[in-house]
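Asks: Below are the chains, spelled out letter by letter.
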Amino acid sequence: MPSLGKSLGVRAALLSLLIFAAIVALWQIAAQPVAGSGPAVDPEYAKLVGAAAATGAKSAMPTPADIGAAIWKHLADPFYVRGSNDKGIGVQLAYSLGRVLLGFGLAALVAVPLGFVIGMSPLVYRALDPFIQILKPVSPLAWMPLALYTIKDSAISSIFVIFICSVWPMLINTAFGVASVRREWLNVARTLEVGPLRTAFKVILPAAAPTIMTGMRISIGIAWLVIVAAEMLVGGTGIGYFVWNEWNNLSIANIVTAILLIGLVGLLLDQALARLAKLVTYPE
Amino acid sequence: MFEDPFDPKSLLARCSCGGDHRAADHGRLTTKAVPSPAGEEGQWNRVVDAAVLRATFPVDAQRRQFLRTVGSATALAALSSVFPLAAAREAFAQGGAPEKKDLKVGFIPITCATPIIMAHPMGFYSKQGLNVEVVKTAGWAVVRDKSLAKEYDAAHMLSPMPLAISLGVGSNPVPWTMPAIENINGQAITLAMKHKDKRNPKDWKGFRFAVPFDYSMHNYLLRYYVAEHGLDPDKDISIRSVPPPEMVANLRADNLDGYLGPDPFNQRAVYDGVGFIHLLTKELWDGHPCCAFAVSKEFASQNPNSYRALLKAIIDATAFASKLDNRKEIAKAIAPQNYLNQPETVLEQILTGTYADGLGGVKKDPNRIDFDPFPWNQFAVWILTQMKRWGQLKGDVDYAKVAADVYLATDTAGMMKEMGLTPPDPSKKTIVVMGKTFDPAKPDEYVKSFAIRRT
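Going line by line, the protein sequences match chains A and B. Numbered according to the working numbering, the first sequence terminates at residue 284, and the numbering increases by one at each position without gaps. Numbered according to the working numbering, the second sequence terminates at residue 1455, and the numbering increases by one at each position without gaps.
Just so you know, the hints here were simulated from the structure itself, not pulled from any lab data. Among the hints, a few may not be true.
Output of the computed footprint for chain B on chain A, the stretches with three or more beta carbons under 8 Å from beta carbons of chain B [what the hints assert, rightly or not]:
#, stretch
1, 44–51
2, 77–86
3, 177–184
4, 204–217
5, 223–237
6, 243–255
Distance ranges between label pairs, derived from CB positions [said to hold, decoys possible]:
#, chain 1, residue 1, chain 2, residue 2, range
7, A, L75, B, G1230, 36 to 42 Å
8, A, V81, B, K1297, 50 to 56 Å
9, B, G1287, A, L75, 47 to 53 Å
10, A, I19, B, A1253, 24 to 30 Å
11, B, K1235, A, F20, 48 to 54 Å
12, B, A1097, A, V81, 26 to 32 Å
Derived lysine-lysine pairs resembling DSBU-like cross-links, with alpha carbons at most 30 Å apart [claimed, not checked]:
#, chain 1, residue 1, chain 2, residue 2
13, A, K152, B, K1194
14, B, K1202, B, K1150
15, B, K1328, A, K47
16, B, K1127, A, K47
17, B, K1332, A, K73
18, B, K1328, A, K73
19, A, K47, B, K1323
20, B, K1100, A, K152
21, A, K47, B, K1417
22, B, K1401, B, K1312
23, A, K47, B, K1332
24, A, K152, B, K1323
25, B, K1363, A, K47
26, B, K1312, A, K152
27, B, K1363, B, K1394
28, A, K47, B, K1194
29, B, K1363, A, K152
30, B, K1436, A, K152
31, B, K1312, B, K1198
32, B, K1323, B, K1417
33, A, K152, B, K1328
34, B, K1282, A, K47
35, A, K47, B, K1196
36, B, K1235, B, K1104
37, B, K1328, B, K1150
Every residue, glycine too, gets a C-beta built ideally from N, C-alpha and C.
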């Protein structure tokens, strides 16, 4: 029933808007500066401290309006470069995306072939399983010192960290997808005397493709999560560095801007892979 | 600072004003500034002239006699005719061509790094023919690792770090050197607002404190301070290592009771109404070193000219920063996002020493932070005694040798002389910490003299 579907969509959108408005309103109320109860301060002192401290209070959370202004400021001029430590938010996002795509691409290059081997051979699967299980849950931040220490290059280190964190879901999903290709299809291929390489590309790969794509989708999500943490640690460039630099300045409005943009880019990456996944799915 | 070498009264070593101080201190100690000859260029020229004059007339009395007889203009003309002064001036200004012109210098965004940072926007590096990129870095461990990985040619470090790296404490031993201190003083103990009435450290049992790094003057001074008040820093309070920018956020979140940290984060806590300044570290030890300019031994020996040019830029910038009159201009230069990323007023309060204390008072202390490049070996020995005291350093240490290997007082003195500055006598440094005098000749006795210690 298309009419019901449509009205559901409209109602969902309305509800989303309502929730958004409620959040903004609550935020605005919560962020109202509290009148300080501290001692009245002389004007000379008030000039030296922030507005909140002058009334004896702590500096307040920025209001949604402040955040809107910050977002506007960043989006109005996203690609400026004013010195090596001061670049526009668009430039920072581009650096982060570049790192993520490079690390993710390398991970795919390693994980898919290796996953194939693991999936086709139960022996290798069992032999490598303990390593995979132990290394998979390790946090990116735990890898970082080791990477910096051994690779001795911070740019490559952050790419390595992306690589090592995004390789596991792809590896496991590829192995699983390859291992669970239906026996009959392989038997048919064998009956028709198809060579092993041809079987791999013409039968196994298309059959496992949806599972592999799911692994990639999980991986890119993880890679995008990891990059922020890695850049906060290493610094220099990227959206993670931007967050860290604004943290230095306790500038919450700029940090919220970055959070929203990180979420948006993450969504786009996820959607892009979802589209790709749709291309390779097949009805059974 | 740079006297006219053609002045017959000039001694070329002691201060020309006749006062009982070094020429380098003249500006600081007398209110009437020495008339500076036509800007920076003129200063360098005078340095060269002085060197040539000194070489021509090694005996002071003879030179003065000569200058008195013929007059300075004639002397200058006469000397120029036999010695190519102009060429010498030029040669000095250029030095040997730097082997490596494009350098990367890492820094942590704190006011201690002022000379390293300001040398970029204010042109101290480019004056030495260097193209330096100053790179903001997230924490001390990352600075150390990036320096060890040769990603940075030189870096802003905490003054105990080159010692720790050279000794292999907390990392692999790599010969590291520290040709210049950045700042002296300039740190503070900041406490959360709720501890307004707990000003006596004896009431601090159970407090959670932060310092920027294990191998930092902050750590040693905080430990020293609470231990002098009878608290064991390892048992009665907890001290964790937290990157400076995160200190204010943690204090605000009530995750810390206080910290002994670098500025701007003490003043920033006041600015945001989160904490107050309990005391300045200057009150514990007036003139203590804090941060340093450090390079690997390898870089210095492979690129001697780049190293010299870099050191010259740093000494030059440090001398500029040590003048109170320049501080406002410096605050403006280092406040932007590219450098410290802080409100200008916060930096100005730190650098000028007229600051809000967080309790409603305005305090004035022009020596809140000062800049002095000379790497006294006594500083290193004191730091080593504290490393020993708190168990970071095990076994016997040849204090004097390590100090001399890492803190390059001789190099710095030579460079200062070349620049026309008068280096201090390296043996004359008295260190008094909380009223107790330190004798660098007896480090082991010093360690043993403390009741609370880990050895």
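Asks: Each hint: holds or not?
Replies: Each hint tested on the structure:
1. 44–51: With 6 residues in contact (Cβ-Cβ under 8 Å with chain B), the coverage given for the stretch 44–51 of chain A holds.
2. 77–86: Check passed, 5 qualifying residues.
3. 177–184: The restraint on the stretch 177–184 of chain A is violated, since only 0 of its residues have a Cβ under 8 Å from chain B and three are required.
4. 204–217: violated (count 0)
5. 223–237: holds (count 5)
6. 243–255: holds (count 7)
7. L75/A to G1230/B: 36 to 42 Å: violated (57 Å)
8. V81/A to K1297/B: 50 to 56 Å: Since V81/A and K1297/B have Cβ atoms about 35 Å apart, the given range 50 to 56 Å is violated.
9. G1287/B to L75/A: 47 to 53 Å: For G1287/B and L75/A the Cβ distance comes to about 49 Å; the hint holds.
10. I19/A to A1253/B: 24 to 30 Å: Holds - the Cβ-Cβ distance for I19/A and A1253/B, about 27 Å, lies within 24 to 30 Å.
11. K1235/B to F20/A: 48 to 54 Å: Because 51 Å falls inside the window, the suggested range holds.
12. A1097/B to V81/A: 26 to 32 Å: For A1097/B and V81/A the Cβ distance comes to about 29 Å; the hint holds.
13. K152/A to K1194/B: violated (44 Å)
14. K1202/B to K1150/B: violated (45 Å)
15. K1328/B to K47/A: holds (16 Å)
16. K1127/B to K47/A: The given pair, whose Cα atoms are some 37 Å apart, is violated under the 30 Å limit.
17. K1332/B to K73/A: holds (22 Å)
18. K1328/B to K73/A: holds (28 Å)
19. K47/A to K1323/B: Distance ~24 Å between K47/A and K1323/B Cα, so the pair holds.
20. K1100/B to K152/A: Between K1100/B and K152/A the Cα gap is close to 20 Å, so the pair holds against 30 Å.
21. K47/A to K1417/B: violated (43 Å)
22. K1401/B to K1312/B: Between K1401/B and K1312/B the Cα gap is close to 25 Å, so the pair holds against 30 Å.
23. K47/A to K1332/B: The hint holds at about 17 Å.
24. K152/A to K1323/B: violated (39 Å)
25. K1363/B to K47/A: holds (13 Å)
26. K1312/B to K152/A: Given that 30 Å is the threshold and the Cα spacing comes to 29 Å, the pair holds.
27. K1363/B to K1394/B: violated (42 Å)
28. K47/A to K1194/B: holds (23 Å)
29. K1363/B to K152/A: With Cα atoms ~46 Å apart, K1363/B and K152/A exceed 30 Å; violated.
30. K1436/B to K152/A: Measuring from Cα to Cα gives roughly 43 Å; hence the hint is violated.
31. K1312/B to K1198/B: Violated, because 46 Å separates the two Cα atoms, which is more than 30 Å.
32. K1323/B to K1417/B: holds (19 Å)
33. K152/A to K1328/B: With Cα atoms ~39 Å apart, K152/A and K1328/B exceed 30 Å; violated.
34. K1282/B to K47/A: The given pair, whose Cα atoms are some 25 Å apart, holds under the 30 Å limit.
35. K47/A to K1196/B: Status holds; Cα separation ~22 Å.
36. K1235/B to K1104/B: violated (41 Å)
37. K1328/B to K1150/B: Violated, at roughly 34 Å.
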